[in-house]
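A.B. asks: The lines below spell out each chain.
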Amino acid sequence: MSIRDPFLTDPNSISTACAEGMACVYPELVQTLPGSFNGRTVLRRPADPDRVNIIAVAGGAGNPFSQSFAFSPDLADIAINGSLYAAPSAYDCFEAAKYVNSSKGYLMLFNNFMGDVLNCDMAIELMALEGLQAKMCPFHDDCLSTHRDEDRRDRTGLIGVLFGVKAASACAKTGASLEEVAALAEHINDRTSSVLITMDFENEILHFGEGISGEPPALSFKNEFSIESCAKHAYDILIEDLKPRSDERIHVLINRTSAGKFEDVYSLAKSIHDYAERRIPISRMSAGYFMHTTRSYGLSVTIFCSDDRTEPYLQKRCFTDAFIF
Amino acid sequence: MDHLTCGQLQEMLLKVSEKIVTSEPLLTELDTVIGDGDHGFGMRIGFSAVAKELTGRSWNSPYDLLKETGMTLIRVMGGTSGVIFGTLFIGGLSSLEGKESLSVQDFADYIDMGTKSIARRGRTSRGDKTMYDALIEASESLLASASSGESFEAAFEKAYAAAKQGVENTKSMLSKKGRSKNFKDKTLGHPDTGAVSVSLIFEAFQETIR
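So the sequences go chain by chain: A and B.
If you're matching positions, the first sequence starts at 1 in our numbering and goes up one per residue.
If you're matching positions, the second sequence starts at 326 in our numbering and goes up one per residue.
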């Protein structure tokens with residue numbers, strides 16, 4: 001395991017430092033969980049125990065911080081980071097739920113990786129012992145993380161979870177039950193697909209579907225080294241995967257990797273927009289740096305097919321310290 | 326020896342912690358080949374915390390001692406390893422309630438329940454190339470030793486040998502779980518890192534009680 005960040009000397013404490021730093025800068029908006037064992041949990045102020053609370057869970061594989069999800073009142077109520085190289089513990093989720101003590105329960109949303117699934121599964125059992133209800137929704141939007149003939153629920157997640165967090169949060173604020181909020185998130189999960197594009201500059205090759213830990217890409221294209229090719233292939237892969245219905249609207253989310261450049265996200269957004277105009281047009285776009293995916297240079301593209309059931313929950317832009325969605 | 330006291334159990338767990346912590350470079354190296362390289366780091370964090378919790382304290386019951394061990398792993402480690410290795414120690418706790426010391430049968434039943442809990446929670450079975458492949462061998466060996474009325478010394482020696490065999494078996498398996506499954510046939514010839522950790526645990530048991 002190599003540590004390349006200049007200030008990163010202890011992968012186990014960086015998440016804690018980040019959470020505490022955010023609470024220090026914006027004390028009127030967020031707080032860390034009092035008495036927390038790991039100190040990596042961020043709660044948005046004020047807590048609302050009278051509705052379903054949305055918990056965003058992230059961490060592991062170098063994926064740092066979902067804490068910005070708890071910054072906006074329109075995203076998560078609670079953001080739980082793992083250490084830099086591991087998903088948050090079941091105990092982190094449990095102690096946050098116990099502190100807020102929601103009477104209507106918790107929905108935990110996260111990328112479909114085994115560590116997150118196992119810990120959230122155990123957290124649900126721990127919460128049940130305290131009389132707290134919880135459900136989980138592991139997002140499986142990384143469409144090239146499995147072979148085409150495999151069950152899409154075996155896919156891992158990339159960044160589609162952001163659509164789930166936003167819609168679930170808006171739905172929870174209507175007073176919906178945990179079952180209703182969870183069903184909405186599952187529906188969004190099934191209609192969301194993402195692809196990660198990474199670049200080999202030396203050999204001018206575009207890679208699609210490289211794993212977030214450097215696993216080999218599913219597809220590679222040589223002699224097509226342009227932003228237009230990124231747009232074309234990403235759009236085609238995702239539309240083929242989702243096969244949008246005529247009543248659905250296309251939402252696009254472009255996320256750069258930590259090594260990717262600011263200007264690339266807008267160049268790619270424009271290229272995808274133009275390419276889609278001649279096919280199934282896009283109704284809404286977001287672009288920026290929302291979540292860590294991989295250390296390689298690149299971008300990810302996510303398409304969510306929204307319908308009348310989900311559209312009302314996705315209208316409002318969410319503003320955080322790190323991005324607008 | 327036919328019974329384990331709380332003190333002996335504590336000694337075993339401290340030995341496990343020491344062995345896992347000093348094996349971090351080995352575990353990291355193995356996990357870097359077919360995983361994301363974080364197994365050794367996570368195990369070191371978890372078992373360092375266990376050593377800290379256990380050192381200089383005393384327990385009245387194996388139940389409390391093993392619960393503390395399992396819950397510490399779950400609390401501090403996170404990730405897949407935290408839940409799985411935590412479950413190994415807490416999954417069989419209900420079989421130990423009210424016991425002040427443990428017979429070979431008690432210990433075999435406890436490990437058997439933990440093994441079954443891991444299979445259920447991780448939705449894993451023999452042949453998936455996981456830590457379970459070493460654990461099930463060790464667990465079945467312990468149950469066989471208990472049925473034959475063997476001592477702890479003999480039972481742990483055989484369980485360790487069985488765990489090592491389980492590690493060997495994983496070399497010819499294709500990964501079906503976790504991040505290593507993405508490396509597909511590149512995992513052939515390499516042992517599962519979690520299975521190696523299981524063999525280290527049983528090696529420490531065997532080294533403490535002999």
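Calculated from the structure, these hints are not laboratory results.
Glycine included, C-beta positions come from ideal geometry on N, C-alpha and C.
Treat the hints with care, as some may be off.
Said to hold, decoys possible - Selected chain B positions facing chain A (Cβ under 8 Å, derived; list incomplete):
no.	residue
1	363
2	367
3	403
As the list claims (entries may be wrong) - Calculated cross-link-like contacts (lysine-lysine; reagent style DSSO-like; alpha-carbon spacing at most 30 Å):
no.	chain 1	residue 1	chain 2	residue 2
4	A	135	B	501
5	A	243	A	104
6	B	377	A	98
As the list claims (entries may be wrong) - Which chain A residues face chain B? A few, computed with CB under 7 Å, are given here:
no.	residue
7	36
8	37
9	39
10	85
11	86
12	88
13	90
14	99
15	114
16	115
17	118
18	213
19	283
A.B. asks: Given residue 85 (chain A) was flagged as interface, is its beta-carbon under 7 Å from a beta-carbon of chain B?
C.D. replies: Holds: closest Cβ of chain B sits about 4 Å from residue 85 (chain A), inside 7 Å.
A.B. asks: Against chain B, is residue 115 (chain A) within 7 Å by beta-carbon distance?
C.D. replies: holds (4 Å)
A.B. asks: For a C-alpha distance cap of 30 Å, please report whether residue 135 (chain A) and residue 501 (chain B) respect it.
C.D. replies: Roughly 26 Å separates the two Cα atoms, so the pair holds.
A.B. asks: Under 7 Å is the threshold here; is the Cβ of residue 99 (chain A) close enough to any Cβ of chain B for the hint to stand?
C.D. replies: violated (15 Å)
A.B. asks: Taking the least C-beta to C-beta distance, is residue 39 (chain A) closer than 7 Å to chain B?
C.D. replies: violated (12 Å)
A.B. asks: Using the nearest Cβ pair, does residue 213 (chain A) come within less than 7 Å of chain B?
C.D. replies: This hint holds: residue 213 (chain A) lies near chain B, its Cβ roughly 4 Å from the closest one there, short of 7 Å.
A.B. asks: Tell me if residue 363 (chain B) is really an interface residue toward chain A, meaning its C-beta lies closer than 8 Å to one of theirs.
C.D. replies: Holds, about 4 Å.
A.B. asks: Would you check whether residue 367 (chain B) satisfies its interface hint, that is, whether its CB is within less than 8 Å of any CB in chain A?
C.D. replies: Holds - the Cβ of residue 367 (chain B) comes within 8 Å of chain A, reaching about 5 Å at its closest.
A.B. asks: Report holds or violated for the interface hint on residue 283 (chain A), using the least CB-CB distance to chain B and a cut-off of 7 Å.
C.D. replies: violated (34 Å)
A.B. asks: With chain B as the partner, please determine if residue 37 (chain A) meets the hint condition of a C-beta pair closer than 7 Å.
C.D. replies: holds (5 Å)
A.B. asks: Using the nearest Cβ pair, does residue 118 (chain A) come within less than 7 Å of chain B?
C.D. replies: OK, holds: residue 118 (chain A) within 7 Å of chain B, min 4 Å.
A.B. asks: Under 7 Å is the threshold here; is the Cβ of residue 90 (chain A) close enough to any Cβ of chain B for the hint to stand?
C.D. replies: holds (6 Å)
When each numbered hint is compared with the structure, violations occur for hints 5, 7, 9, 14, 19.
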